[in-house]
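Q: For this one, chain A is given, so just place chain B on it according to the hints.
Single-letter residue listing:
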Amino acid sequence: MVLTKRIIPCLDLKDGRVVKGTHFVNLRDAGDPVELAQRYNEQGADEVVFLDITASKENRGAIFGVIKRAADHLFLPLTVGGGIRTLDDMQQLLRAGADKVSINTSAVLDPDLINRGAERFGTQCVVTAIDVRRNFEMQTGATPVSLPDGSECWYEVVIYGGSKPTGIDAIRWAKECEERGAGEILLTSMETDGTKNGYDIPITAAISDAVGIPVVASGGVGTLEHFYEGFVHGKADACLAASVFHFGEFTIRQVKEYLAERGIPVRL
Amino acid sequence: MKKTVIIDYGLGNLRSVLRGLERAGAAVAVTADPEEIMAADGVVLPGVGAFREGMEMLGDLRETVVRCADEIPMLGICLGMQMLMESSEEHGLHQGLGLVPGTVKRFPHLRGSSSGCESNRWKVPHMGWNTIRITRDDPLFEGLHREEYLYFVHSYYVRTTAHEDTLATTDYILPFSSAVCNRQTYGVQFHPEKSGETGLRILRNFIGLL
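Residue numbers (the numbering used here), protein chains in the order written: chain A, 1 to 268; chain B, 1 to 210.
So that you can see chain A by itself, here it is in the shape it has in the complex (with noise of 0.2 Å):
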């Protein structure tokens, strides 16, 4: 009897409907996010995020009727992050359907909200997602870690999506919001996300290791062997993928049943 490793499908949404970029950037449209969701949920999925992309920058309410429609027919956990500023924001997520909302850009700019979050919503609730990239010229502060190379750099917290540094080291970063109450911890490196390269390991491992809260590993998968990675050399305590599932290359059952067959405790 133990707690499993949970492999966790992300919809990418822009105005309600599901699409996946490449670095962020170049979407496509996949479908309907609740019929999608079903049949992740039928494939066996341990949880699912809908990450609304372009929340910041449009209109978001078709989010809303998204998660309400999810949560009419889903009894599974479901996490939203996209856009999400203020208590207000979170309140009306989860009143809507969402079990944890994921905050990301606006923790960085008020990391206060994730006290806030935590001490209303309660710890569970709150998801911090943390966006790196690596950074090779080592400034004080900053914590090293080794890449596979052999070469050393430091992780450095990147914002909006990926397009602005903000100076901040990413292990001492995922430190802060495990201390000001977050529950879970997000983790989407740059280098590796949309390469199909797989998961960005070193900084999965270091970041696992850091922290007592869980940690999703999500980024670059393309194969089946790298969920075992991110399980068993990243440290994650859940994987979470998207065009690997969207473009059907294999199913969360196949994943599943790779994982089990290698000793990786898994919900089949």
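These aren't lab readings, by the way, just hints derived from the structure by calculation. Heads up, a few of these hints could be off.
Okay, the calculated bits of chain B under chain A, using three or more residues with CB under 8 Å as the criterion [to be verified]: (1) 45-52; (2) 55-67; (3) 122-128; (4) 176-183; (5) 189-197.
Now the stretches of chain A that chain B is said to cover, found in silico as 3 or more residues with beta-carbon under 8 Å [to be verified]: (6) 66-78; (7) 92-98.
Where is the CB? At the ideal position from N, CA and C, for every residue including glycine.
A: Structure of chain B alone, referenced to chain A:
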């Protein structure tokens, strides 16, 4: 049709509990009205978040909940289950509803292997799908296998004073009570409304008790 009420004290996502109970065949109302609660055939006490805030938000409804527990089957979910206990150690010592003898404690900080993956540390909250081991036969678990996966998310766990008040246990860091029952008052630490078909079956079984 049996009338079930979900006590609305301002916390959390009630939509899934509502839909899950409807799916289980109940007429469901979400309410904070003591009269409506007392008139129901079944009462669900939901909840996410912190213990003290939960008890504060419950406010004057505490008395109603305690009173109706004598007459009406009740199901506490997650924080709702924890509030059924006598006390909680979450951020100080706080008094609960005292409907089930026992306490709520925090998971200890432990280094060590979780889930069999190399040197992973135990994470808190306990978040994700874990199994329950049914320790006492009860209609709530009718039709379930001995071990079923259910969705958990919590940082504190319940320990009942009397062994027989625990219906099921789960292992995470240590074995804890994942389902409790004292007379007709039930509590489950997992979220049946988030646990797919297995969870819906448990909700249906609860409705069947009414």
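Q: Against this structure, judge whether each hint is valid.
A: Against the structure, the hints:
With a threshold of 8 Å between beta carbons, the proposed coverage of the region 45-52 of chain B by chain A holds, since 3 of its residues qualify and at least three are required. A stretch counts as covered by a chain when three or more of its residues have a beta carbon under 8 Å from one of that chain; for the region 55-67 of chain B and chain A the count is 0, and the coverage is violated. Coverage of the region 122-128 of chain B by chain A holds in this model, with 7 residues showing a Cβ closer than 8 Å to a Cβ of that chain against a need of three. For the region 176-183 of chain B, the stated coverage by chain A is violated: 0 residues have a C-beta nearer than 8 Å to a C-beta of that chain, whereas at least 3 were required.
Counting residues of the region 189-197 of chain B whose beta-carbon sits less than 8 Å from any beta-carbon of chain A gives 6, enough to reach three: the coverage restraint holds. Residue count for the region 66-78 of chain A with a Cβ under 8 Å from a Cβ of chain B: 6. That meets the three needed, and the coverage hint holds. Restraint check on the region 92-98 of chain A versus chain B: 5 residues with Cβ-Cβ distances below 8 Å, three needed, restraint holds.
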